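For reference, the chains in residue letters:
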Amino acid sequence: MNFRKMAIFQAREWLRRSFSTVYSHPFCVCIVGSGPAGFYTAEKILKRHQGAQVDIIDRLPTPFGLVRSGVAPDHPETKIVINQFSRVAHHDRCSFFGNVTLGSSISLSELRYLYHVVVLAYGAESDRSLGIPGENLTGIHSAREFVWWYNGHPDCKNLDPDLKSTDTAVILGQGNVALDAARILLRPTKELATTDIAEHALAALEKSTIRKVYLVGRRGPAQSACTAKELREVLGISHVDVHIQASDLHKTMADEEEMKNNRIQRRVYELLSKATTITPSNAGSGQRELHFVFFRKPDCFLESDDKSGCVSGINFEKTVLKSVGPGRQIAVGTGQFEDLRCGMVLKSIGYKSVPVHGLPFDHQKGVVLNIRGRVLSDASGDPTLYEEGLYVCGWLKRGPTGIIATNLYCAEETVASISEDLEQGVFTTSSSLPKPGTEGLLQLLYNRNVRVVPFIGWENIDSEEKKLGSLRNKPREKLTTWDELLEATLK
Amino acid sequence: MLSSRLVRVGACLAKELYRGKFVSMFRSGYIQRPHYKHLHNLQSSTRVCPDTIIQRYRYLSTTPTTNASEEGSEEKEMISVTFVDKDGEENHIKVPIGMSMLEAAHQNDIELEGACEGSLACSTCHVIVMDMEYYNKLEEPADEENDMLDLAFGLTETSRLGCQVIAKPELDGIRLAIPAATRNFAVDGYVPKPH
Ligand SMILES: Cc1cc2nc3c(=O)[nH]c(=O)nc-3n(C[C@H](O)[C@H](O)[C@H](O)COP(=O)(O)OP(=O)(O)OC[C@H]3O[C@@H](n4cnc5c(N)ncnc54)[C@H](O)[C@@H]3O)c2cc1C
Ligand SMILES: NC(=O)c1ccc[n+]([C@@H]2O[C@H](COP(=O)([O-])OP(=O)(O)OC[C@H]3O[C@@H](n4cnc5c(N)ncnc54)[C@H](OP(=O)(O)O)[C@@H]3O)[C@@H](O)[C@H]2O)c1
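Residue numbers (this note's numbering), protein chains in the order written: chain A, 33 to 523; chain B, 114 to 308.
Quick caveat, the hints were computed from the structure, so don't treat them as lab data. From a predicted model like this one, the values you see are computed outputs, not experimental measurements. Don't be surprised by glycine CBs; every beta carbon is placed ideally from N, CA and C. Hints are not guaranteed to be accurate.
Far from chain B by the CB rule (all over 10 Å, computed), these chain A residues [claimed, not checked]: (1) Q361; (2) P387; (3) Q456; (4) L503; (5) P507.
Result set (SDA-like, lysine to any residue): computed pairs, CA atoms no more than 25 Å apart in a straight line [stated by the list, open to error]: (6) K111(A) - I488(A); (7) K292(A) - A255(B); (8) K111(A) - G267(B); (9) K199(B) - S449(A); (10) K111(A) - E224(B); (11) K306(A) - D222(B); (12) K292(A) - E224(B); (13) K79(A) - Q220(B); (14) K189(A) - G135(A); (15) K306(A) - E257(B); (16) K199(B) - D453(A); (17) K199(B) - Y247(B); (18) K111(A) - H205(B); (19) K199(B) - L454(A); (20) K79(A) - H205(B); (21) K111(A) - I223(B); (22) K111(A) - D187(A); (23) K397(A) - E445(A); (24) K250(B) - D198(B); (25) K292(A) - Q220(B); (26) K292(A) - T269(B); (27) K498(A) - R91(A); (28) K283(A) - N259(B); (29) K199(B) - K283(A); (30) K306(A) - N259(B); (31) K292(A) - S272(B); (32) K199(B) - G135(A); (33) K292(A) - E253(B).
Sample of chain B residues at the chain A side, in silico, Cβ under 10 Å [said to hold, decoys possible]: (34) I223; (35) E226; (36) G227; (37) A228; (38) E230; (39) L233; (40) A234.
Next comes chain A alone, as it looks inside the complex:
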C-alpha cells in the first residue's frame, strides 16, 4: 500500500469513527471560488457551525479572486484583506484546493454528491457585450481582460494590447473599473514601477504612446457609476489635464431628485464640477489628457482604412435622459451622431457570470437564480423548487457590482439561509447521512490526474513572488504563466 492509499485508508477510518460517535458526522461544505464571497462565506460558516468542514476550491493555483487579479496594483491597502482571508484558510476546519475547476476538473453534480452543501462563489469571468457592429475589431478589449493583463492573471498574459500605434484610447463606461484602467494608462510609469503590476504590463506601459484617454458615459455626470475615492484619484494624476465640458454639468430637476437620495452620486458630481472649473494647464508636450465625455452611446466601431481589421474610431449617438420612475433616468438616442477617432478601445460596461452545466441560470441578468442565496430550480420563484444543498454568493448571486465589503453582507445572507435550512431540516434526508467530503474530493481529483494546489502551495508561490519582487523594489513580482505558478507551488 503506497503512502497515499494508506493516508486515504486512515482518513476513512477516522471519518468512519467520527460518524459512529454520538455526535453527528462532519457537516461537509464546499465553496467554489476563493474571492471575497468565497472567503467571507467560509469564515461565517466556520463560526456558526462548529461541526462544519469547509473546503474552498478555485480554478487558479492562487486564492483571493479579484483581490489579486482585479484590485489595481497601486491600491495595496485594499489588498490587506488578504491577511484576514489567509487566517480563514489556516483555520483547522478549512482547506483550500487550488487548480481545481468546476466544470472541467469536477462537475456540479459530483460536487453535490460529495458534500452536504455546495456554495457557488465563482464570480463573473466574462463580459457584457454592446452588440454593435465592429465589436470584434483588433484593438478592442474588454476591461476585464486588460485588468487581468496588468494584474498578471495567467489567462491574459498574452493579451498584449497594442499601446504603441495610437495616441488615443477610449474607455466605454464610467464605473470604477473604467477609472482604474484610465489611471493605469495615464499614470507615470515610474509610480507604477514600485507596485505589484505585472512586469510585462509595466514594460508595455513604459513604451506606450497613448497620451489621451476618453472616458465615455451614455448618461450624465449625475449618473456616473464611479465612487468619489477613485474619481479623486484619477483627477489628481500628475501631469494630466482633465477635460470636462461645462455644459454637461447642467443639472435638471430629475438629476437633483436623483442625487438628493444618493450621497455617492452627489459627491461624485461635486468632484466633477470642481474639476471642470480648473482650467487645464496647457503645458506643452508630454502633458497627458483625460477627457470625460457624457451623453454618448456607442453605435458602431469604425474600421481603419489602412490597417484592415483594426479599430480606428467609434461612432457615437448623442443621448438625452428620460425618466423611468422615481430617481431613475435612462439614456435615449437623439438621432445625432459623431465620430471619435482612436486606436484602442476598452469596453468597461460590466462583467458577466458564466453558467456551468446543470446550474439554473438567468441568462438575461447573468446570475444564478436565487432567493437570498438559495438556488432556485427555475424562474417561477416557487420556494418548493429550491435546489437542495445548493447556494450562491458574491457576483454570481447579485451580478457584477459591489465592493469587497458588499460580499461580506452577501455572505451573511447566504449563510443565514444555509443555517435556517439546516435548522428547519429542509435537507434532512441528505444531511443526516455522512458525505465523502474532502476525502472523496481528493480521491476523485487524484483519479483524474488533477494536480491539486493546497494552501501551502500558494504560500510557496507567495514567497517566490515576494522574493522576486524584492529584487526590483516591488512588493511582489507576480508569476504570470500557469507553468511558473505550478512550478512554484512545489518549492
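Given the coordinates of chain A, assemble chain B with the ligands onto it according to the supplied hints.
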C-alpha cells in the same frame, strides 16, 4: 514530479485526517478561538493615515480618568468606551488615549470588521456614535474618510470609521454602535433614507 505530487496529496490527507479526529473529539465543547487576537499588532505599522487626526491626539495628555493598568505597576490614561453590538449587547471597555476604536475593539475581542486593518481603504469598521454630543467632539471626517463612509452600509449622520476615532480625554463615556448588516446590499454603498 509524480512522487512529489503524491507526497503533497498525502500531506493534504494527513492534515484532513488530523482534522477528522479533531472534529469528532471536540464537537461537543469546541472552544472558539478568538479570531482577531493578533490583528492589532499589525495596526500601527500598516496604518497609512492621510489626515492628521491620529497624530493630533496620540500625544494629547490632559487627564480625564486615570485608571491603574491591569498590572498595577504603571499608570495609563484610559477612557471608558461602550460598544453596542448587532444584537444590542453592550461591551464596556477601557481604551488608552491615542488608540483607535478599531484597535481597541480587536484587543477586546469585539467583533468589528477591519478588512484593510485601519489603512482607510475600506468601510468595514463603520461605527455609529450614539450620542450627537460625542459625535460633535470629534474632528470633522477628512475627505478620505468621507469617501469610505460613502460606501458604508447603514450610514447615519453620526457614522464614523472606527479606525479614525482615536481615544482622547473628551471621549470618555462614548457609546459606539456596530451597525447590523442591512438586507439591502445589492448596490454600492446602500444608504438608508436620509435623515
Ligand atoms: C477591476 C476590478 C477592481 C476592483 N477593485 C476593487 C477595489 O479596489 N475595492 C473594492 O472594495 N472592490 C473592488 N472590486 C470589486 C471586488 O473585487 C468584487 O466585489 C469581489 O471580488 C467579488 O467577489 P466574488 O468572490 O464574487 O468574485 P471574485 O473575486 O471574482 O472571485 C471568484 C473566484 O472564483 C474562481 N473561479 C472562477 N470560475 C471558477 C470555476 N469554474 N471553478 C473554480 N473556481 C472558479 C476565480 O478564479 C476567482 O478566484 C473590483 C472589481 C474589479 C473587477
Ligand atoms: N476602488 C473600488 O472600490 C473599485 C474599483 C473597481 C471596481 N469596483 C466595483 O466593482 C463593480 C464593477 O465595476 P464596473 O466599473 O465594472 O461596473 P459599473 O460600476 O456597473 O459600471 C458600468 C459602466 O458601464 C456603463 N454601461 C453599462 N452598459 C452599457 C452599455 N450597453 N453601453 C454603454 N455603457 C454601458 C454603465 O453606464 P450606466 O450607468 O448608464 O448603465 C456604467 O458607467 C462596481 O460595483 C465597482 O464599484 C470598485
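Verification of the supplied hints:
1. Q361(A), annotated as away from the interface, keeps every beta carbon of chain B farther than 10 Å; the closest lies near 16 Å.
2. The claim that P387(A) is not at the interface with chain B holds, since no C-beta of that chain comes within 10 Å of its own (minimum 20 Å).
3. With a least CB separation of 20 Å from chain B, Q456(A) remains clear of the 10 Å interface cut-off, as annotated.
4. Listed as outside the interface, L503(A) is consistent with that label: its C-beta sits roughly 23 Å from the nearest C-beta of chain B, beyond the 10 Å cut-off.
5. Every beta carbon of chain B lies more than 10 Å from that of P507(A), the smallest distance being close to 12 Å; the non-interface claim holds.
6. A hinted pair counts as satisfied when its Cα atoms are at most 25 Å apart, and K111(A) with I488(A) qualifies at roughly 19 Å.
7. Among the hinted pairs, K292(A) with A255(B) is consistent with the structure: their alpha-carbon atoms are about 22 Å apart, no more than 25 Å.
8. Between K111(A) and G267(B), the direct Cα distance comes to roughly 24 Å. Compliance with the 25 Å bound is thereby established for this hinted pair.
9. Restraint check for K199(B) and S449(A): satisfied, since their Cα atoms lie roughly 18 Å apart, inside the 25 Å limit.
10. Straight-line distance between C-alpha atoms of K111(A) and E224(B) comes to about 21 Å, which keeps the hinted pair within the 25 Å bound.
11. The hinted pair formed by K306(A) and D222(B) fails the criterion: a straight-line CA distance of about 43 Å is larger than 25 Å.
12. Between the alpha carbons of K292(A) and E224(B) the distance comes to roughly 33 Å, so the proposed pair goes past 25 Å and is violated.
13. Taking the CA atoms of K79(A) and Q220(B), the gap is near 19 Å; set against the 25 Å cutoff, the hint holds.
14. A distance of roughly 23 Å separates the Cα atoms of K189(A) and G135(A); the hinted pair therefore holds under the 25 Å criterion.
15. The hinted pair formed by K306(A) and E257(B) meets the criterion: a straight-line CA distance of about 17 Å does not exceed 25 Å.
16. Between K199(B) and D453(A), the direct Cα distance comes to roughly 22 Å. Compliance with the 25 Å bound is thereby established for this hinted pair.
17. For the hint pairing K199(B) with Y247(B), the CA-to-CA distance comes to about 20 Å; that is within 25 Å, so the pair holds.
18. Of the supplied pair hints, the one linking K111(A) and H205(B) is violated, its CA atoms being roughly 32 Å apart against a limit of 25 Å.
19. With a C-alpha separation of about 23 Å, the suggested pair K199(B) and L454(A) falls inside the 25 Å cut-off, and the hint holds.
20. For the given pair, K79(A) sits about 23 Å from H205(B) by alpha-carbon distance, which is consistent with the 25 Å threshold.
21. For the proposed pair K111(A) and I223(B), the alpha carbon gap of about 23 Å is at most 25 Å, so the pair holds.
22. With a CA separation close to 21 Å, the supplied pair K111(A) and D187(A) stays within the 25 Å bound.
23. A distance of roughly 20 Å separates the Cα atoms of K397(A) and E445(A); the hinted pair therefore holds under the 25 Å criterion.
24. Annotation: proposed proximity of K250(B) to D198(B) holds, straight-line Cα distance about 22 Å (limit 25 Å).
25. Our distance criterion of 25 Å between C-alpha atoms is broken by K292(A) and Q220(B), whose separation comes to about 39 Å.
26. Annotation: proposed proximity of K292(A) to T269(B) holds, straight-line Cα distance about 15 Å (limit 25 Å).
27. For the hint linking K498(A) to R91(A), the alpha-carbon distance of about 22 Å falls within 25 Å, and the restraint holds.
28. Between K283(A) and N259(B) the alpha-carbon distance is near 23 Å, which keeps this suggested pair within the 25 Å criterion.
29. Distance restraint check for K199(B) and K283(A): the Cα-Cα separation of roughly 40 Å exceeds the 25 Å cut-off, and the hinted pair is therefore not satisfied.
30. Only pairs whose Cα atoms come within 25 Å are accepted, and K306(A) paired with N259(B) is accepted, the gap being roughly 17 Å.
31. Taking the CA atoms of K292(A) and S272(B), the gap is about 19 Å. The hint holds against a cut of 25 Å.
32. Pair hint K199(B) plus G135(A) does not hold up; C-alpha atoms about 39 Å apart against a cutoff of 25 Å.
33. With a C-alpha separation of about 22 Å, the suggested pairing of K292(A) with E253(B) holds against the 25 Å cut-off.
34. Nearest Cβ of chain A to the Cβ of I223(B): about 15 Å, over the 10 Å cut. The hint is violated.
35. Taking 10 Å as the C-beta contact cut-off toward chain A, the hint placing E226(B) at the interface holds, the least distance being around 7 Å.
36. Nearest Cβ of chain A to the Cβ of G227(B): about 8 Å, under the 10 Å cut. The hint holds.
37. With a cut of 10 Å, the hint placing A228(B) at the interface with chain A holds, because the nearest CB-to-CB distance is about 4 Å.
38. For E230(B), the interface hint holds, since its Cβ comes within 10 Å of a Cβ in chain A; the closest pair sits about 5 Å apart.
39. Among the interface hints, the one on L233(B) holds; its C-beta lies about 7 Å from the nearest C-beta in chain A, closer than the 10 Å criterion.
40. For A234(B), the interface hint holds, the least distance from its beta-carbon to any beta-carbon of chain A being 4 Å, beneath 10 Å.
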